[in-house]
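S.K.: Make the full structure from the sequences, and use the hints.
Going down the list, the sequences are from chains U and Y.
Residue numbers are given in our numbering: position 528 of the first sequence equals residue 528, and the series is strictly consecutive.
So the number in our numbering is just where the residue sits in the second sequence, counting from 1, plus 1000.
Please note that a few of the clues may not be correct.
Listed below are the simulated EDC-like cross-link pairs for lysine to aspartate or glutamate, each with C-alpha atoms no more than 16 Å apart in a straight line [claimed, not checked]:
hint, chain 1, residue 1, chain 2, residue 2
1, Y, 1182, U, 5
2, Y, 1088, U, 34
3, Y, 1182, U, 6
4, Y, 1003, Y, 1091
5, U, 330, U, 299
6, Y, 1182, U, 8
7, U, 427, U, 476
8, Y, 1088, U, 244
9, U, 544, U, 512
10, Y, 1088, U, 33
FYI, nobody ran anything at the bench for these hints, they're computed from the structure.
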Amino acid sequence: MYRYDEYDQHLLDERVAQFRDQMRRHLAGELSDDEFRPVRLQNGLYIQRHAPMFRISVPYGHLASRQLRKLAHLARTYDRGYAHFTTRTNVQFNWSPLEAIPDMLAELASVQMHSNQTSGNDIRNITADAFAGVAADEIVDPRPWAEILRQWATYNPEFAYLPRKFKIALNAATEDRVVVRVYDIGLDLKRDADGNVGFRVLVGGGLGRTPILGEEIASFVPWQHLITYCESILRVYNRYGRRDNIWKARIKILVKALGPEEFARQVEAEWAHVKDGPNTLTEAEVQRVAAHFVDPDYETLPARDEVHEAHLAASKPFAAWIKRNVRAHKKPGYASVTLSLKKTGIAPGDISAEQMDLVADWADRFSFGEARMTHEQNVVLADVRLSDLHTLWQLAREAGLATPNIGLLTDIICCPGGDFCALANAKSIPIAQAIQQRFDDLDYLHDIGEIDINISGCMNSCGHHHVGHIGILGVDKSGQEWYQVTIGGTQGNDTALGKVIGPSFARDQMADVVEKLIETYIEYRHEGERFVDTVHRLGIEPFKQRVYGGEQQTQRKVVNA
Amino acid sequence: MPKVIKNGRIVSDDWRILALDEDETPAAAVVPAGHALVPLEVWQAHRADLLDRATRGEVGVWLAGDDDLEAFAADVAPFRIIAVNFPKFTDGRGYSIATLLRTRYGYTGELRAIGDVLRDQFNYLTRSGFDALQPRADRYTDEQLEAAVANISDFTQPYQASATHPQPLFRRVARPGPQQVKS
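M.R.: The structure is reproduced here in structure tokens:
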């Protein structure tokens, strides 16, 4: 993974010093709430319901074991012994005292971590495939490009006060695992006929109040121009994006207003000035960064491990875990393991300090000292020998991290919601828990098969509900919590937005609603069809009929404005 | 007299910033004698009359975020001072305007940030091309302003190319590879 040189470290240390002084001036009354807000947000610090919420960046999801141990230490020392992993590979603490944040930043900086631009109207943490470097369907390793973009975005003087937040994701595999079409800029890494690397550029995707899928504005930008092209997009947006209305300020609204063709034309016109300028990438720089992401020292192993096969045959639970939580690896004799943070009874994405320490130990012992966060809020050990899988499974099971539910109904993507977040209209964690409790039979879960349930406590859509096969959105109606349900959303290559099935529901109805949706699927499904395939084949009508049973109360309709 | 930080030093300043009243037309505006920064539309309406004063460094123009920078770009040569107004410090258009004036339109005179200008943005403002920073007169005490000068150099060796750093870090210095980096 990328390791800082003296320049990276010095910049980060300067940032810590800058924020320490800002906090001091704020506490001394020299920096008003309004003046402090954007700078604290650019350091990941929100003021929340109970205490500040502190959001730490994990660039493209990569964590070294010592970084995990540092997070565990922070959780124990400054917070309540746990952390929350988000859909954008950030780590959130919910109980840290405001005054402690500069010290926490200094601790993070000592292990090359930070909370740079994890909030605010700036370029946010850049995400990439959790299986980068190990996936068999990878076209180009996205990590060097993500790191190059991270450096360009970090403390960028021109783009720190954009009209609104700005998110970039890179997909670099045949199967899109980053939901590239829901990003402000989605970059699809490709190779041309001669093998040269370039980027297909999508802009204007985003969820939130007005969900829109990104549109292609360039089919192939050669790698040398990665920064200048992104710079051109950002400059057009910074100058012409709307600043009069927070709900109309994302780049998607500008792209929609101009039309993708006109937006592309303006980007090209800007690019004509900066193309081949100083920000043009050099072979040497790409090689320098790429050298941080070379393969670890894999052993030469047989593709089949007899001891592993024997364990598989002997233990049904182990076999179930392998089936759901373990992926094929590009190297024979290795596999990638997903540790589930979706155990029933635990808020999705939450991980205790003890668990972080254990994952760090397992990373050292089994996976070259690295772990990765996924946008589904789980943790991956990417490089595990087949012969170690059984031992790892036993350890993970003891630690509550081996729930064999990856991709299944209980692997729910869920924001912190109204229990913690000041922005939320409604709680989301109790909904996830009620659903998990309703579907606690593992055989039934396997029979239902792959399904994404995504829950967001408000329109900001941190739980990506629009692209969930079942999406649940918390809405506020006259001070009460209600939940709107969409079905048919998908992530991946066929990313699509779900359709609202009808009027919203009270919290205690939600497990019933999901159960009825699932029953409908079971009744109508064809052989080999996933829930979402059945929805796409039949439309939402049969599901709607079952859920509302003809007693639809139209006055409850919530408009998805 | 208002204080301005110019090239890292605090100086007193006698420039008047002219703003149009709501019902005032640019043509009817009267530009007072002495140092005056006028809105772009006033400059455009009185260009012929003001050109000499601009060339002598007595009149400057100030730009708003939605002014047509491209139309004005051909006209920057006579100016010794151009200002960009930040109606709110969170309005980031001024950073792109400054960047373009410095890196594309060849402007080399004083470039001043006016309006809601805060020390917490001094480094980004400077890197975007502002060499004069004018916080609101009532925002900082003399002592605070003295301390704020240090914020200009909050980041000393930034990653990006910008007005003050023509080359990005990867072209500016020889960065060590992973073998040379201590972890």
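S.K.: Please go over all the hints and tell whether each is borne out by the structure.
M.R.: Each hint, compared with the structure:
no. : hint              : verdict
1   : Y/1182 <-> U/5    : holds (8 Å)
2   : Y/1088 <-> U/34   : holds (11 Å)
3   : Y/1182 <-> U/6    : holds (9 Å)
4   : Y/1003 <-> Y/1091 : violated (22 Å)
5   : U/330 <-> U/299   : holds (13 Å)
6   : Y/1182 <-> U/8    : holds (12 Å)
7   : U/427 <-> U/476   : holds (10 Å)
8   : Y/1088 <-> U/244  : holds (12 Å)
9   : U/544 <-> U/512   : holds (13 Å)
10  : Y/1088 <-> U/33   : holds (14 Å)
Hint check: a violation occurs at hint 4 only; the rest are consistent with the structure.
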